[in-house]
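Sequences listed follow chains U, C and L, in order.
Those letters in the first sequence? Residues 4 to 421, per our numbering, in order.
Those letters in the second sequence? Residues 30 to 299, per our numbering, in order.
Those letters in the third sequence? Residues -1 to 322, per our numbering, in order.
These are computed hints drawn from the structure, not numbers from a lab.
Quantities reported herein were computed from a predicted structural model and do not represent experimental measurements.
Misleading hints may appear alongside valid ones.
[To be verified] Straight-line alpha carbon distances no greater than 30 angstroms define the calculated DSBU-like cross-link-like pairs of lysine-lysine that follow: (1) U/Lys412 to U/Lys216; (2) U/Lys179 to L/Lys170; (3) C/Lys58 to L/Lys29; (4) L/Lys71 to U/Lys215; (5) L/Lys71 to U/Lys34; (6) U/Lys307 to L/Lys71; (7) U/Lys325 to U/Lys35; (8) C/Lys128 to L/Lys29; (9) U/Lys72 to L/Lys71; (10) U/Lys346 to U/Lys169; (11) L/Lys29 to U/Lys35; (12) U/Lys346 to U/Lys320; (13) U/Lys230 to L/Lys170; (14) U/Lys139 to L/Lys71; (15) U/Lys179 to U/Lys372; (16) U/Lys275 to C/Lys77; (17) U/Lys233 to U/Lys216; (18) U/Lys216 to L/Lys71; (19) L/Lys71 to U/Lys412.
What follows is the residue order along each chain.
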Amino acid sequence: MQKRRDVLKLAAGTAAASFLPKKLYAQTGTKKLSILTWNIIDMEPLFKQWFATFQSQNPGVEIEWLDKKGPELPAFYQTQLAAGTPPDIVDIQGGLGLEWAGQGALLDLTPMLDKEPAVRARFNPEYLANWVFEGKNYLIPFYVSKSLLFYNKPLFKAAGIDYAPKSLDDILSYAKAVSGADRTGFLTLNFDWLYWPLFRMQGVDLLTPDLKKPTFNTPAGIETADKLAKATADGSINKISWTGRWVEPNGAFAAGNVGMMHAHSSAYFFVKTQGSWITPETIGIAEVPGYWSTPNSHGYAISKGARNPELAWAFLKFATEKSQAMDFARGRTLTTANAEVDKDFLAELDKNDPTAAAVLRTQIEHTDKLTGNWRLSDDSAVKNIVWAEMQNIFLGRRDAKTALADAEKKVERELRRT
Amino acid sequence: MRRRSHILRHLVMALVCALMLIPFYWVAKTAVTNENIYAYPPRILPLKPHLYNFVDVWYLIPFARYFANSVIVSLIAVAGNIVFNAAAGYALTKNFAGKRIVVLLFLSCMLIPFQATIIPAYLVSARLGVLNSYLGLALPLLSTIVCIFVFKAAFEAIPASLQQAARIDGLGELRILFRIMLPLAKPAIATNIILSFIWSWNAFLWPLIITRDVTMQTLPLGLARFLAYVEDTTGALYAFVCMVLLPGIIVFLMAQKEFIRGLTSGATKG
Amino acid sequence: MNTAPPQRAGVAGSADAVAPPVRAADWYRRKRTREAMLVACFLLPSLMIFFLYRILPLGWNVILSFEYWSPLKAARFAGLDNYAEMFLEDDVFWQALTNTLIFILASPIAILLALAVALAVNSDLKGAAIYRTIIFLSYPLMSVAVGIVWRWLYDERGGFINFVLRGTGLIKEPIPFLQSFGWALPSVILADIWQVVGFYMIILLTGLQSIPQHLYEAARIDGAPASARFLRITLPMLRPSLFICAVIGILNSFTAFDLVYVMTGGGPAHATELLVTHIYNMGFGETRFDYAAALTVVQFTLLVILTFLANRAVGGNAGSVESA
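Just chain U, same shape as in the assembly (with noise of 0.2 angstroms):
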C-alpha cells in the first residue's frame, strides 16, 4: 500500500510544478522584439552590441534573439507561425522569401520604403529588387552573395590553358583538357538554383517574363542540357556536381584534383581552409561567362504577425545603417548590398587580403544579370520538378529532348496549380 502511493506521488511528482516552465511565450508586451536569423550565431558579440545601441536609442525595448540553421529554420518559423507566435523579425535566404510573402506571412515593404527614399537609396537596386513579389517589396538585403567561377590555375596551366572561360564550350572543352585519372575538370554547387547560369549563359531561361510559362524546352535547352550529360558522362564534370550540396564540392576541389568550380563568393573561405594548394597566386577568380549568376542571398523581412511593426522596421532601419552593416561586413568578410559599405569595405580589404576582395568584387558588380531568381510563390516546387528531370539527364537516365518535355508539362500543371 506506502510502496503503491510512493509511486503515485512519484509519478505526480515528476508532472509537477519543478518543472514547469520559466516563462510563457503569448507575449502580451508591446515593446518586446524577436529576431530570428538565419545560422550567424558566431556573430553574437556584434549583435549583441548592436541590440544595446538599439535599446539606447529606443529605451524599454527588450529584444529576443534567436538563431536557426539553415534546414531547421523554416520548421521553426512555421511551427511559430501556426502557435500565431511568429518571431517579428526573420533573417531568410534565397527564395525562400517570397514563398512565405505568397503564403501571407510577410509585411509588404513597399510603403515604408517608398516613405523613406533614403532607406531606400541604400541598396544595390538589383538585389533590393530580388525580393519584389507581385510589385511588393518584403525583404531587404542583409548580406549577399552571387555565383563565379574558381579556377585552379596549376591544373590550368598544366593543360595549356591560361584564361578563364568565355563560354559554355569554353568550360566544357577547358575542364576535358584538365580531366584525366582522378582528376575532374568542372563542379558546380547546385543548390537553390546555383546551376542555371549553365543554361542561361546559352539564352536558355526557365519562364517567360510575366513567370506564366515554362521556356526551358526549347532546341537550346536541350542542346546544353545534352552537352553537360556528355561531359558528366567523359569526366569532365565531377558527378558530385549533380548530387552534391555543400561539404561535398568545396571538399573535392580543396582537394586540388579538380580544374574549376561555380559557387558563390563564401565557398571561396571554406575552400581556402581545406586546400593547402590554395594560394592567392594558384588560385583563379573569374565571373561567369556572359556574366551571369545566381543570387544566394539573405534578406530581413518582418512577419505580418508581428506585434509591434514599427519598431522592427526601426531595427531594420538601425541594422542597415552605415556603420552597422560596416562593422557586420568587416566581421564576416562579406557584401552586404548597401553600395556604400560595400565600395569602402573592399577598398579597405584590398589592403588586407587582395585575393578575398577580388572575390568579393565579383558580388556586386554586373548585378543586372541575376538568374535564377525567379519571383514565385512556389518557388522550390518548380524548383524541384526541374531538378529532379535534370539530374536523370546530366547522369544519364533520360535523354534531354523527354525529360525537358516532362519538366516543362509539370512546371505548367504546378504554375496552374497556384
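Given chain U, work out where chains C and L should sit, using these hints.
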C-alpha cells in the same frame, strides 16, 4: 573442437567489428586532424593530430549548460521510460477485454513519423504550458512503444508459475511487478535505460522546435552554434559528435553487465 | 507495510476497497473488474502520452488531408483533392512508396546479421563485451555524422570504398555509388544497416537473456544437439524480440530520415526518396501541409498493414510466447 570453433568465431567477430569500425575510424581521425576528407588518395594515418577541435567545442558553446540540460532531460526520460514502460508492458501480459485493440493502438501510435507531428505536437505542448521547459522537452519521450514491447517480451518469458506462487503468497500486482518481475527482467531494464537515454540525448528537432531560450537548449542544438564559428566544418563537426556520443557509450558500458550473463550461468532463480 | 489482502490490489479508494464477504461468483466478477482497473491504471500514463503526441497529431493529419490549409490560411474543405493528386499526378509519391517498401523489405538482412552477432556475443566467448560494444557503437552516433562519413566512403573520386576496390584490382573504373540510379538506394540502405544493426542486436540480446536457462539444461540432459536446442528453444522463445525487430525495421523507413536527408536529400532524381522525406519536403519545404498530411495518412495506413502482416508472420498476439 571447442577451441577451433572459438577461434573461428573470434575471426568472424573481429572481421565484423573491423567493418563496423572503418567509418568510425574516419570520424575520429578527421576530428583530430581537420584533414579534408575528400583528399585523394585518402591518408590512412593521422598526420599531426591535435585536440583543438575538442577544446573549441568546450569554449565556443556554453557546453556545461547544454550538457546539464541534456542530462536533466535524459534523466527524466529514462525514469519515465522505466516506470511507464514496465507498467504498460506488464499490463499487456494480462488478458483483458480489448487487449487486442490496445496492442494495435500502441503499435499504430508508433507508425507516424515525428516530422509529420511537429506542428500539432507543438500546439499541444503550448496548450499544456510546457514550452521551453524540461518537462516539455522530455514529455513526448517519456514512454516509448518499442521499450514497452521489450518489457512485455521479457515478462512473458518469465515462467507463469512464479507469478502464481506470488499470488498465492498474497502479493498484490504492484508488488509482483516490482518484487518479482522487474528483478528478473534486468536485461530489459538495461535496454530501456540505454535506448531511452540515447533517444533523448540525441533528440534534435524537437528541442529545436520547443525551446526558445538559449539557456534551455540541449547539447545536440549546440552543433549549429558551434559550426557557425568554424570555417572547416567536417573536422569540427566530428569532434562535436564524438563529444555527444561519449555519454551514450558510457551508459551502454555501465548497463552492459546485464548482458554479460553467458549461457553457462544459471538464470531464473525460482 | 503492505498488509492488504491480495484482492485489494486494485486502485486505492475504489468501492472495492471495503468489500464485504460475498458469494464466490460475485467475488470473481469483482476480481475481474479489479484486474481491469489495474490494467487500465498501468496503461494510463503511456496511453496519455501517446494520445497527446501521437493520436491527436494523427487526427490532425487526417482532418488536414481533406482540406486546403497552411498556417495562415483558413481551412477550406478539399474533399479528396489531395489524395487524387497523390495517386493520379504525383510520380514522386509512387517512387517514394516503392523505395519505402524496398527499405522495409531489406530490414530482414540486418535482423539476421544482428541475430548472428547477438548469438555470438551472448556466449562465453572471451572478449564478447568488447565485440558487443563495438557493434553497438554506431547506433548512438548522430545521424548527421553518419551521413557525412558515408557520403565520403561512397565518393566516386576520393572515397574509401572505391579506393579499396580499385587498389585491390576488383574494379577498374570507380563506381559513383550515390550518383547512380541503381546504386544509390542500396548504398543508403547499407549505411542504414551499419547504423541500426547495434539496435537490433541489443533487442535480440535482451530476448536471449530472458530465456530461462533451465530449458537449455533440460534439453542438454535429454541429449538434444545444439541445432535442435536453437530451433526448439531459442528461436520460439525469441519470437517476441524478432517481432520487435520487425517493427523497428518498419519504423526505420522513417527514422532513417536524417541519414537519407544528409546522404542524398532523396536524390538523384528521387532515387532514394522515402515517403517521410517527401512528407517533410512537401510540408516544410513547399509549405503544403495539407498535401503532406494526406501523404502521412497514406504512409500510416501502409505501415499499419505491414505491421499487421509482421504480427501474423510471428504468430499473432504481437509475438507473444504462449507460455503455460
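Cross-check of the supplied hints:
no. : hint                 : verdict
1   : U/Lys412 to U/Lys216 : 10 angstroms, holds
2   : U/Lys179 to L/Lys170 : 20 angstroms, holds
3   : C/Lys58 to L/Lys29   : 63 angstroms, violated
4   : L/Lys71 to U/Lys215  : 24 angstroms, holds
5   : L/Lys71 to U/Lys34   : 27 angstroms, holds
6   : U/Lys307 to L/Lys71  : 13 angstroms, holds
7   : U/Lys325 to U/Lys35  : 25 angstroms, holds
8   : C/Lys128 to L/Lys29  : 17 angstroms, holds
9   : U/Lys72 to L/Lys71   : 26 angstroms, holds
10  : U/Lys346 to U/Lys169 : 27 angstroms, holds
11  : L/Lys29 to U/Lys35   : 60 angstroms, violated
12  : U/Lys346 to U/Lys320 : 19 angstroms, holds
13  : U/Lys230 to L/Lys170 : 26 angstroms, holds
14  : U/Lys139 to L/Lys71  : 20 angstroms, holds
15  : U/Lys179 to U/Lys372 : 27 angstroms, holds
16  : U/Lys275 to C/Lys77  : 19 angstroms, holds
17  : U/Lys233 to U/Lys216 : 28 angstroms, holds
18  : U/Lys216 to L/Lys71  : 26 angstroms, holds
19  : L/Lys71 to U/Lys412  : 28 angstroms, holds
Comparing the model with each earlier hint shows violations of hints 3 and 11; every other hint is respected.
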